[in-house]
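Kindly generate the complete structure, drawing on both the sequences and the hints.
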Amino acid sequence: AQSVTQPDIHITVSEGASLELRCNYSYGATPYLFWYVQSPGQGLQLLLKYFSGDTLVQGIKGFEAEFKRSQSSFNLRKPSVHWSDAAEYFCAAQPNAGGTSYGKLTFGQGTILTVHP
Amino acid sequence: DTGVSQNPRHKITKRGQNVTFRCDPISEHNRLYWYRQTLGQGPEFLTYFQNEAQLEKSRLLSDRFSAERPKGSFSTLEIQRTEQGDSAMYLCASSGGGSPLHFGNGTRLTVT
Chain Y
11 AQSVTQPDIH ITVSEGASLE LRCNYSYGAT PYLFWYVQSP GQGLQLLLKY
61 FSGDTLVQGI KGFEAEFKRS QSSFNLRKPS VHWSDAAEYF CAAQPNAGGT
111 SYGKLTFGQG TILTVHP
Chain D
108 DTGVSQNPRH KITKRGQNVT FRCDPISEHN RLYWYRQTLG QGPEFLTYFQ
158 NEAQLEKSRL LSDRFSAERP KGSFSTLEIQ RTEQGDSAMY LCASSGGGSP
208 LHFGNGTRLT VT
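Taken in order, these protein sequences are the chains called Y and D.
For the first sequence, my numbering puts the final residue at 127, and the numbers step up evenly by one.
For the second sequence, my numbering puts the final residue at 219, and the numbers step up evenly by one.
Worth flagging that the hints you see were computed from the coordinates, not collected in a lab.
We put the CB at the ideal spot given by N, CA and C, even for glycine.
There may be inaccurate statements among the hints.
Unchecked claim - Below, simulated EDC-like cross-link-like pairs (lysine to aspartate or glutamate); rule was C-alpha separation at most 20 Å, straight line:
hint : chain 1 : residue 1 : chain 2 : residue 2
1    : Y       : Lys78     : Y       : Asp64
2    : Y       : Lys114    : D       : Glu159
3    : D       : Lys164    : D       : Asp193
4    : Y       : Lys114    : D       : Glu190
5    : D       : Lys118    : D       : Glu163
6    : Y       : Lys114    : Y       : Asp95
7    : D       : Lys118    : D       : Glu135
8    : D       : Lys178    : D       : Asp193
9    : D       : Lys164    : D       : Glu185
10   : Y       : Lys114    : D       : Glu175
11   : Y       : Lys114    : D       : Glu163
12   : Y       : Lys114    : D       : Glu135
13   : Y       : Lys114    : D       : Glu151
14   : Y       : Lys59     : Y       : Asp95
15   : D       : Lys118    : D       : Glu185
16   : Y       : Lys59     : Y       : Glu25
17   : D       : Lys178    : D       : Glu135
To be verified - What the simulated footprint calls covered on chain D by chain Y, stretch by stretch (three residues with Cβ under 8 Å from a Cβ of chain Y suffice, anywhere in the stretch; the number is not a length):
hint : stretch
18   : 119-131
19   : 205-218
Quick look at the structure:
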């Protein structure tokens with residue numbers, strides 16, 4: 011079955027420290043991959059996406075993610091975390107349908123990020 | 108682009124009552140999705156429309172759930188005879204024209 015796994019339920023970092031959030035996927039073929047962020051009581055905002063090509067993807071708010079086919083991973087990184095980055099982060103995937111057609115997403119369980127001053 | 112709008116933001120209902128939620132997608136988006144999110148979990152797909160046609164339904168969508176999208180514009184999600192297990196955040200998203208899924212702020216349902 012297709013699935014997305016985020017191994018870390020909760021991560022705490024100090025402001026200014028670097029961040030890496032892990033995501034692994036299990037699909038027959040490499041899916042399209044996404045990272046979303048959700049603040050309390052809010053909907054999800056897209057940070058970045060990977061369809062194909064360059065395996066290092068830049069997103070909004072200074073985030074980047076690296077796709078590693080050999081590890082079935084798509085980890086999210088940020089060099090220096092700000093207090094406003096505290097939120098819940100979701101990795102998501104959809105089957106590769108060719109082109110840039112967006113469709114049904116399967117989400118991981120989420121990682122809650124706490125930022126200490 | 109006014110974003111995806113969901114109403115109401117919160118709904119408290121007693122077990123056994125019917126509830127209806129509304130989603131207004133971004134106007135030019137032809138695809139509309141409903142997801143359910145329970146505490147500590149990621150969103151789970153419920154159903155999907157392309158224009159007015161409901162093209163896919165999850166097994167999570169029991170017979171008590173029904174969704175419509177008349178005229179391919181706004182959508183409603185109705186839950187009949189609510190149960191405590193229906194308590195969750197119900198998220199709507201829309202996409203189209205090469206745009207990725209845009210999510211609304213959700214409707215939080217509490218069944219007492």
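Consistency of the hints with the structure:
1. Taking the CA atoms of Y/Lys78 and Y/Asp64, the gap is about 11 Å. The hint holds against a cut of 20 Å.
2. Pair hint Y/Lys114 plus D/Glu159 holds up; C-alpha atoms about 17 Å apart against a cutoff of 20 Å.
3. For the hint pairing D/Lys164 with D/Asp193, the CA-to-CA distance comes to about 17 Å; that is within 20 Å, so the pair holds.
4. For the given pair, Y/Lys114 sits about 26 Å from D/Glu190 by alpha-carbon distance, which is inconsistent with the 20 Å threshold.
5. The suggested pairing of D/Lys118 with D/Glu163 is violated, with an alpha-carbon distance near 26 Å, which exceeds 20 Å.
6. As the CA atoms of Y/Lys114 and Y/Asp95 are separated by approximately 26 Å, the hinted pair breaks the 20 Å bound.
7. A distance of roughly 28 Å separates the Cα atoms of D/Lys118 and D/Glu135; the hinted pair therefore is violated under the 20 Å criterion.
8. Between the alpha carbons of D/Lys178 and D/Asp193 the distance comes to roughly 28 Å, so the proposed pair goes past 20 Å and is violated.
9. Annotation: proposed proximity of D/Lys164 to D/Glu185 holds, straight-line Cα distance about 14 Å (limit 20 Å).
10. At roughly 18 Å between alpha-carbon atoms, Y/Lys114 and D/Glu175 fall within 20 Å of each other, so this suggested pair holds.
11. Taken as a hint, the Y/Lys114 and D/Glu163 pair is honoured in the structure, with Cα atoms around 10 Å apart against an allowance of 20 Å.
12. With a C-alpha separation of about 18 Å, the suggested pairing of Y/Lys114 with D/Glu135 holds against the 20 Å cut-off.
13. Using a Cα cut-off of 20 Å, the hinted pair Y/Lys114 and D/Glu151 holds, with the two alpha carbons roughly 10 Å apart.
14. In summary, the hint linking Y/Lys59 to Y/Asp95 is supported, as the alpha carbons are separated by about 18 Å, within the 20 Å threshold.
15. For the hint pairing D/Lys118 with D/Glu185, the CA-to-CA distance comes to about 12 Å; that is within 20 Å, so the pair holds.
16. A hinted pair counts as satisfied when its Cα atoms are at most 20 Å apart, and Y/Lys59 with Y/Glu25 does not qualify at roughly 25 Å.
17. A C-alpha spacing of about 13 Å is found between D/Lys178 and D/Glu135, which places the hinted pair at or below 20 Å, so the restraint holds.
18. Residues of the stretch 119-131 of chain D lying with their CB closer than 8 Å to a CB of chain Y number 0, which falls below the three-residue condition for coverage.
19. Coverage of the stretch 205-218 of chain D by chain Y holds. Counting CB-CB distances below 8 Å, 10 residues qualify, and the rule asks for three or more.
In this structure, the earlier hints numbered 4, 5, 6, 7, 8, 16, 18 are contradicted, and the remaining ones agree with it.
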